[in-house]
Amino acid sequence: MRDSQGIQWVAGEETPIKTWITRVLNFGTWEEWQQLKASCTPDQIRDAVQNPLRGSWTKHGRAFAETLFDHKLPDEVLIRYDV
Numbered sequence: 001m002r003d004s005q006g007i008q009w010v011a012g013e014e015t016p017i018k019t020w021i022t023r024v025l026n027f028g029t030w031e032e033w034q035q036l037k038a039s040c041t042p043d044q045i046r047d048a049v050q051n052p053l054r055g056s057w058t059k060h061g062r063a064f065a066e067t068l069f070d071h072k073l074p075d076e077v078l079i080r081y082d083v
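Each residue of the sequence shown is one higher than the one before, counting from 1 in the working numbering.
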């Protein structure tokens, strides 16, 4: 997490791993994807998708994760702007 130039402004040393994985799946660059693959186990990534953080996913990120992992994410995981 410390070498990434893309989303480092929102992911620091104290960022929980599931939060960081979710952010990379939503907003990550190719370099961040490479770092995710090198830093996290497949089980950690799968857990972030199968047990998603509520209110942390964009529509595009959710659709991408659902396609990539063949797992439907519930609507309450989407970021809401009307609250």
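Keep in mind the hints are simulated off the structure, nothing from the lab. The structure presented is a predicted model; accordingly, all values stated were derived computationally and were not measured. Hints may contain errors.
[As the list claims (entries may be wrong)] Cβ pair distances, simulated, as ranges: (1) ASP82 to ASP43: 27 to 37 Å; (2) ALA38 to ASP82: 14 to 24 Å; (3) GLU76 to ARG46: 13 to 23 Å.
[Claimed, not checked] Lysine-lysine pairs mimicking DSSO-like chemistry, simulated, CA-CA at most 27 Å apart: (4) LYS59 to LYS18; (5) LYS59 to LYS72; (6) LYS37 to LYS72; (7) LYS18 to LYS37; (8) LYS59 to LYS37; (9) LYS18 to LYS72.
Using N, Cα and C, we set each Cβ at its ideal position, and we do this for glycine too.
Each hint, compared with the structure:
{"no.": "1", "hint": "ASP82 to ASP43: 27 to 37 Å", "in the structure": "holds, 35 Å"}
{"no.": "2", "hint": "ALA38 to ASP82: 14 to 24 Å", "in the structure": "violated, 38 Å"}
{"no.": "3", "hint": "GLU76 to ARG46: 13 to 23 Å", "in the structure": "holds, 20 Å"}
{"no.": "4", "hint": "LYS59 to LYS18", "in the structure": "holds, 18 Å"}
{"no.": "5", "hint": "LYS59 to LYS72", "in the structure": "holds, 12 Å"}
{"no.": "6", "hint": "LYS37 to LYS72", "in the structure": "holds, 22 Å"}
{"no.": "7", "hint": "LYS18 to LYS37", "in the structure": "holds, 14 Å"}
{"no.": "8", "hint": "LYS59 to LYS37", "in the structure": "holds, 23 Å"}
{"no.": "9", "hint": "LYS18 to LYS72", "in the structure": "holds, 17 Å"}
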